[in-house]
Amino acid sequence: MSYTLQFGQIWPYLPSLLAGAWLSLQIAFVAFCGGLLIGTAGATALSFGAGPLRRLVRGYVTFFTNTPQLVQIYFLYFALPDAGILLSSYTAVLIGMTLNAGAYLTDIQRAGFESVRSSEMEAAEVLGFGRMQQVRYVILPHVARVLFPPLSNQYIIMTLGTSMAAIFGVEELTGRAFNINSQTFRSIEVFSVTAALYVVITLVATVVLGLIGRFAFRARMRLV
Amino acid sequence: MSFNRLTWIVIAAVAMLGFTANTVIARTLDEIIKSGTIKVGVNPTLPPLGKFDEKNEIVGFDVDYANEIAKLLGVKLEIVQVGSPDRIPFVQTGKIDFVMGAMTRTPERAKVIDFTLPVHTEVMGVLTIEGKPFKHWKDLDNENITLVQVRGTTPIKFIEDNLKKAKVTQLDNYPDAVRALAQGRGDGLIDIIDFVGEHMNKHQVKWKVVETPVDVYYCGLGVAKNSTGLKDWLNVAIFDLHKKGKVGELWKKWFGIDMLYPTGVGAAF
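In order, the protein sequences belong to chains H and F.
Residue numbering for the first sequence follows my numbering, beginning at 30 and increasing consecutively.
Residue numbering for the second sequence follows my numbering, beginning at 205 and increasing consecutively.
Calculated from the structure, these hints are not laboratory results.
Misleading hints may appear alongside valid ones.
[Said to hold, decoys possible] Examples of chain H residues lying across from chain F (beta carbon under 8 Å, computed): (1) 110; (2) 119; (3) 196; (4) 211; (5) 213.
All residues carry an ideal CB built from backbone N, CA and C; glycine is no exception.
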């Protein structure tokens, strides 16, 4: 068995792969931001909300963290049209990933909220801090420091998770890799270049997020 | 180095000897009748022409059709599993008496094996929905058109070359692509339409196949060169099965739709 690597056949497709990587980044970023909004609202509801609201949010989190993301998007893309709702490939993937991220980020942020010790809150009260001052000077700095590392992990996981968008007709990095593979049959070359691009994307994100975490939130984070 | 080359020459010589020796043993019609069994090559990776059932036996249109041939000849049928790369060598070496599996007749292939009259056709065409205005596949070369295709299949290249303006949504598999088309996610699907028949029937949609196909392939049975007697008999048997409507019946049974371009029983038969 001998196989001659022919990366030369792949280079003409590199711009296409890079455009796909850019789309992957976009999907991950937009879905993460949306998920963060849902997660903040959800965690607030879980920590401070009334009973029925808490149960509703708990149900949402349980449902989305215990079913596969692939199945969730499949439902949005292929089952909803039977109810008259036709979402485009991009929209279905984005909504699916946002809802999924929202559930995980709700749980992560709830844990962050709970990590604020009651003694710290009591100390703030004794010192005469108002509600907003408590949030600004006690809760947020503490929560940000605790939450930043797991939130960045979630972002990395989501970046890699965008690869399933290919199944629903989104031409992101993995989808384009499949296309190029079927035209050139240079599987080893195509997928090693694709893997390298994913590594670059996630490494850059890890380093940037790590720097922000270290200097802005005094979080303990490894850079590489 | 020189040893290597010598080795290769020896191997090549032996292989060629084996090849010539084997070509001779393709069986004649008389030998088949005398043995009481006809050996037919079926490719089980081409459903519904050939596939494995729950009992891991090969079934499909090709098996049923070969059975009809065996009945007409008054012999038993033996199905031999073949794959795309080995099916023609199997015919040449007499391991099977004829081969099936969408054997499209091409001048290139006919240099190596002989073909009988066509048994069925395959239509590379445009599947769309009733009410869409397309008359010709070239009508799809328009930026407002979205084609729903299966990722990694050959029609993608055809679309890139010939329908440059059309948008393409690439999905993971045929059931998904046909469902997406049924749900209104696109205007058409270009592929071998016969093979998506079983997926079409699962949707409450009025399907339409655009009148002008991209191409029609005629598939016959593949037999060894110098098997004139067998081939002549098979041609008569094929004519008989077409005339009795047996082909159409089996096609409908396995493909779920009528053959899109029936071969007809023309003067050439």
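Do the hints match the structure? See the list:
1. 110: holds (4 Å)
2. 119: violated (11 Å)
3. 196: Where the cut-off is 8 Å and the nearest Cβ of chain F is about 5 Å from residue 196/H, the hint holds.
4. 211: With a minimum Cβ separation of about 4 Å from chain F (threshold 8 Å), the hint on residue 211/H holds.
5. 213: violated (11 Å)
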